[in-house]
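Novice: One-letter residues, chain by chain:
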Amino acid sequence: MSPPRGRRPVIAGVATSDYPHLPDLSEHAVHGQAADRALADAGLTFAEVDGFATTGFFPMYATGVAEYLGLHPIYFDETNSGGSSFEVLVEHAAYAVECGAAEVVLVTYGSVQLSQMGRRLGTGGGGGGFAPGPAIYDALWGNTLVGNYAMAARRHMHEFGTTPQQLAAVAVTMRKHAATNPQAQEREPITVEDVVTSRLVADPLHKLDCCVISDGGGACIVTTEERAADLPRDPVYVLGAAHATTHHLNLSAMPSLTVSPAAQCGPVAFARAGITPADVDVAQLYDSFTITVVLTVEDLGFCAKGEGGAFVEDGGLEVGGRLPTNTDGGGLSACHPGMRGMFLIVEAVRQLRGEGGPTQVPGARIAVAHGTGGMLSTGATLVLGREAP
Amino acid sequence: MTERWFPDEMPMPAASAETVGWWEAAAEHRLVVQRCTACGQMRHPPGPVCPVCRSTASEWSATEGTGTVYTYTVVRQAFIPSLADKIPYVVIAVELDGAQGLRMVSNLVDVEPEEVTVGMAVEVAWEDMGPELAVPRFRPAAGGESR
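Those sequence lines, one after another, are chains L and S.
Just so it is clear: in the first sequence, position 181 is 181 by my numbering, and no numbers are missing.
Just so it is clear: in the second sequence, position 119 is 119 by my numbering, and no numbers are missing.
The set of hints was computed from the structure by calculation and includes no laboratory data.
Hints may be right or wrong, so weigh each one.
Result set (SDA-like, lysine to any residue): computed pairs, CA atoms no more than 20 Å apart in a straight line [to be verified]:
id : chain 1 : residue 1 : chain 2 : residue 2
1  : L       : K207      : S       : I87
2  : L       : K207      : S       : E114
3  : L       : K207      : S       : Q77
4  : L       : K207      : S       : R76
5  : L       : K176      : L       : E313
6  : L       : K207      : S       : P113
Just so it is clear, the structure is predicted and the values come from calculations on it, not from any experiment.
Bound conformation, chain L alone (with noise of 0.2 Å):
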């Protein structure tokens, strides 16, 4: 991306809501909770916001929360994609604010499925009764979510011979950090023995592949470098961004299924942003189960197609590791509303504003946020930085 000088799209402030378990608040007052936080980190207020974005499991959505934020914006955008939505969202903010369309756009994302499901372990829903146009030909199977990533899961360990033991390694890194959120909805120390004898939910998969549910939000603020310059935080640039799909319900649909829509959109969120992989220094990567950070880390280049389950296995993605990621503990430990991406690019903006905590990655430059929606069917790449491009 090279827009004018002065309207290259930053990220001035950001919040998350409280969470994990938020059994007094409605899904909008969530939305308000992380509103009105990440405005204040950006010393800004909603009487300047002229930009809007969000979505949520209906049509219109974004119009609804508007209107219980009192916003009248002149852009809005709802653009669902699943788990990867917030990359989108915040992809399109950072267009509109480059070419004028808006000056502040606020991002906001808002969830009670904990309270409203009552139950803890994510794993999706299943077909039954939903199938609109091809989706008849998945509903008809009876498969779930969680059985369309562990088919994922099976044909990588299949073709590359990665293990369940591999993939633990994702969650127990996960619990690992999470352990130093005080927010975490899990937070005692798991281990991979852990991992591989909890119940099988999907074969491959155990319970503890899977992320949790919880309630929670989170918002951002995207603006132009100008405009952030009066504003009291340091504005982390949107560097590049770059999102895909490859199929929605349909695994029959999907090109390969060790390769996931990252690989598309990947890449050419790198390119747009002038950097190669080995430039991140840290990353927050949709961990809806632990296959998906497997095929993430592979599709986005950190390492080569298939050798995801080593560069996982033994500490490849703590703080120190080759790829520190999910410093937050990630959906797997810390919070899974249903639709995580927000919460990957607060901690990517935390990160590079030095706030990490127990897990900042030390003078970290460049993070990368991606998320990953459906059954692997659409990736978002952000690629975020400290310094001006």
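Since chain L is already given, all that's left is putting chain S on it; use the hints.
Specialist: Using the frame of chain L, we list chain S on its own:
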């Protein structure tokens, strides 16, 4: 297989203009896939545009109804309430023989979940869901060693 394998609460297929040919063949227990008449690429599920050359011209191409297990999972937790009594059941992606590596998601029936392996030879097992409605599930191929 004539009895319903899944309970009646599961969604019933409904053909659209693009898929009616597929369902008509299925009702006659013929497993077909869509084939692009411009570039020859096969695809599933059926749709209006070739994902390779973007042509909208297509025809129905017969398959042998056999293939191998490309990947599978055993669903052990009943997220779909009406399937609680079917747990555990096997969902597979079948790589169809003679179909350019095309994969089709379905169920593997008449098998113990522990016996399923990637590469296992399978054949179509038609389930009649109504007078003019059948869906292709799969079972281990007769005398089928893994390929």
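Novice: A separate judgement is required for each hint: does it hold in the structure or not?
Specialist: Going through the hints against the structure:
Proximity of L:K207 to S:I87 is assessed by CA-CA distance (about 16 Å); at most 20 Å being required, the pair is judged to hold. Using a Cα cut-off of 20 Å, the hinted pair L:K207 and S:E114 holds, with the two alpha carbons roughly 19 Å apart. Proposed proximity of L:K207 and S:Q77 is supported: the alpha carbons are some 10 Å apart, at most 20 Å. As the CA atoms of L:K207 and S:R76 are separated by approximately 11 Å, the hinted pair is consistent with the 20 Å bound.
As the CA atoms of L:K176 and L:E313 are separated by approximately 14 Å, the hinted pair is consistent with the 20 Å bound. Proximity of L:K207 to S:P113 is assessed by CA-CA distance (about 18 Å); at most 20 Å being required, the pair is judged to hold.
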